[in-house]
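Undergrad: Given next are the chains, with one letter for each unit.
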Amino acid sequence: MIEIKNLTKSFGDLLVWEDVSMTIEDGETVAIIGRSGCGKSVLLKHINALLYPDEGTVLIDGANIFDQDYVTQRKLRQKFGILFQGSALFDSINTFENIAFPLRYFTTMTESEIRDTVMDALEKVNLENVHDKETAELSGGMRKRVGLARAIILEPEYIMYDEPTSGLDPQTSDEINKLIIDMAESLGITSIVVTHDMHSVLDVADKVAFLDEQRLSWHGTVEDLRVSDHESLNNFIKASEYQI
Amino acid sequence: MNAFQEIGKFGTLLYQALRSSTELKTYRKSFFQEMVKIGYDSVPIIMLTGFFTGSVMTIQSSYQLDSAFIPLSTIGAIVSESILIELAAVISSLVLAGKVGARIATELGTMRVTEQVDALESMGFNSVSFLVVPRVLAGILMFPVLYIVASVFGVGGGLLAGIFTGTVPVADYLMGARMYFTPWTLIFGFVKMFVFGFIITSISSYKGYFATGGAEGVGTSTTEATVLSCMIVLLADFMLAALLL
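Line order of the protein sequences matches chains A and B. Read left to right, the first sequence gives residues 1 to 244 (our numbering). Read left to right, the second sequence gives residues 1 to 245 (our numbering).
Hints in this document: simulated from the structure, not taken from any laboratory. Quick caveat: nothing in here was measured; it's all calculated off a predicted structure. There could be a bad hint or two in this list.
Which chain B residues face chain A? A few, computed with CB under 8 Å, are given here [what the hints assert, rightly or not]:
| id | residue |
| --- | --- |
| 1 | T74 |
| 2 | Q116 |
| 3 | A119 |
| 4 | E121 |
If you anchor each label on the Cβ, the simulated ranges turn out as follows [what the hints assert, rightly or not]:
| id | chain 1 | residue 1 | chain 2 | residue 2 | range |
| --- | --- | --- | --- | --- | --- |
| 5 | B | T22 | A | R104 | 18 to 24 Å |
| 6 | A | D13 | B | M231 | 52 to 58 Å |
| 7 | A | D13 | B | V43 | 46 to 52 Å |
| 8 | A | N64 | B | F238 | 46 to 52 Å |
| 9 | B | F164 | A | G140 | 57 to 63 Å |
| 10 | A | G62 | B | V43 | 53 to 59 Å |
| 11 | A | L14 | B | A241 | 43 to 49 Å |
| 12 | A | R104 | B | I187 | 37 to 43 Å |
| 13 | B | K29 | A | R115 | 16 to 22 Å |
| 14 | A | L14 | B | K29 | 37 to 43 Å |
| 15 | B | F10 | A | E25 | 39 to 45 Å |
| 16 | B | A241 | A | D67 | 57 to 63 Å |
Yeah, the Cβ is synthetic: ideal placement off N, Cα and C, and Gly gets one too.
Model the full structure from these sequences, guided by the hints.
TA: Take a look at the structure:
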């Protein structure tokens with residue numbers, strides 16, 4: 001379980017958001033939505049301590065991730081897989097090595113076991129015959145899938161998706177949404193999805209958190225979202241041209 | 001960010017690098033790759049730099065010391081001493097600030113702005129140990145090796161320039177070169193290159209590691225890394241000369 005308690009973050013004089021609190025239960029898929037620049041990705045990076053808040057705590061299974069020694073914090077981070085907005089694949093190595101990368105350092109697998117595990121991960125994200133491709137040769141959708149394969153390779157308890165469908169055509173976006181649902185259902189992973197794509201939100205999420213006016217303006221289930229009378233939330237949904 | 005904050009941030013990065021230098025398993029592979037990139041790949045440019053520095057020194061010295069009262073061996077002494085004690089180290093380092101420093105800052109800066117550093121951290125890697133430590137260690141080890149290359153080609157270039165321009169006979173050049181040579185000259189050169197290697201790789205790593213703002217940010221951090229490395233190398237050169245000579 002992830003408990004976010006009273007988080008406040010500023011960059012210099014610029015307040016990103018303040019007093020953000022929410023709880024993410026095991027097995028849930030939570031979508032964090034909001035306008036561009038409202039600090040969705042910043043919030044995501046606080047959850048596994050890639051960024052530190054000015055105030056507040058994030059408890060991962062009861063442990064405050066900001067208040068750990070470096071070794072313990074790294075172990076807590078390994079509970080997470082992240083699909084970054086630009087996929088963040090290492091461009092100096094090919095697709096296979098990108099996915100195998102954490103296995104080589106954090107497991108004692110033999111070369112053939114690594115190969116089987118990587119191929120299995122590629123199959124899970126519906127990608128075959130790309131393992132020997134350079135990352136520069138991959139399309140945007142392929143890069144997202146490879147990023148996802150790398151994110152799940154160490155079998156994390158939580159997976160965080162930063163704008164998983166941004167820059168993709170509607171068909172590829174649908175395929176990525178299906179993968180997010182598959183991951184949550186088949187692997188039982190708790191998922192946090194940062195997006196402004198309402199189509200994606202309603203496809204994949206159990207709960208929704210809406211960041212607006214430098215705070216967590218609204219949060220609830222997708223069913224609550226459908227009947228909400230929250231003005232700025234409804235404006236956001238309307239602006240995204242999605243009919244609930 | 002003011003200068004004191006920058007120095008504090010740089011010091012913190014160095015402290016983290018020192019603390020994580022024990023994580024050999026994390027950086028062993030990239031350490032050897034960096035030794036090749038910093039050392040082996042820089043040999044051609046260092047050979048050229050050394051050769052032409054020595055050649056020009058010989059030609060200019062023979063032009064300036066063109067007198068019946070000054071023995072020709074003096075030119076060999078001036079050229080070899082200047083190369084070994086100063087030019088092989090400083091000119092090579094300025095060239096390497098452009099070649100090695102710019103590469104390190106660009107690589108790390110690009111990794112930072114494309115979230116590859118975040119990806120490493122999120123997997124549980126110590127990104128300082130993985131990215132900074134191997135580059136700084138390889139720099140400290142390979143710069144003195146490159147000093148040997150620059151010195152050999154510098155003194156050799158001076159000798160060949162003397163032969164081809166007919167200004168200094170081989171015997172006079174070699175006699176002059178031997179006349180004032182002491183092992184301390186070489187030790188001083190090695191100490192300098194050790195320090196310069198540290199300065200260039202650590203400043204470039206720092207600038208790249210904390211790059212922000214996309215392609216323009218990477219460009220800015222690369223420029224700053226190169227300019228700052230050159231300035232600090234020159235300052236350190238002065239301080240080492242004042243302290244050790």
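Undergrad: All hints, please: hold or fail.
TA: Okay, the hints, checked on the actual structure:
Taking 8 Å as the C-beta cut-off, the interface hint given for T74(B) is violated, the closest approach to chain A being about 51 Å. Residue-level restraint check for Q116(B) holds (minimum Cβ-Cβ distance to chain A is 5 Å; threshold 8 Å). Look at A119(B): its Cβ gets to within about 4 Å of chain A, closer than 8 Å, so that hint holds up. Against a cut-off of 8 Å between C-beta atoms, the interface hint on E121(B) holds, since the closest Cβ of chain A lies about 6 Å away.
Checked against the hint of 18 to 24 Å, the pair T22(B) and R104(A) passes, with Cβ atoms roughly 20 Å apart. Between D13(A) and M231(B) the C-beta distance comes to about 31 Å, which lies outside the given range of 52 to 58 Å. In this structure, D13(A) and V43(B) meet the distance hint of 46 to 52 Å, their C-beta atoms being roughly 50 Å apart. Between N64(A) and F238(B) the beta carbons are some 49 Å apart, a value that agrees with the proposed interval 46 to 52 Å.
The hint said 57 to 63 Å for the Cβ distance between F164(B) and G140(A), and at roughly 59 Å that hint holds. At roughly 55 Å, the beta-carbon separation of G62(A) and V43(B) lies within the given 53 to 59 Å, and the hint holds. The hinted range of 43 to 49 Å is satisfied by L14(A) and A241(B), whose Cβ atoms lie roughly 46 Å apart. For R104(A) and I187(B), the Cβ-Cβ distance of about 41 Å falls inside the hinted range of 37 to 43 Å, so the restraint holds.
With their beta carbons about 19 Å apart, K29(B) and R115(A) fall inside the hinted range of 16 to 22 Å. A beta carbon spacing of about 40 Å between L14(A) and K29(B) agrees with the range 37 to 43 Å that was offered as a hint. Taking the beta carbon of each, F10(B) and E25(A) are about 43 Å apart, inside 39 to 45 Å as hinted. Between A241(B) and D67(A) the Cβ separation comes to about 48 Å, which falls outside the hinted range of 57 to 63 Å.
The structure shown violates the earlier hints numbered 1, 6, 16.
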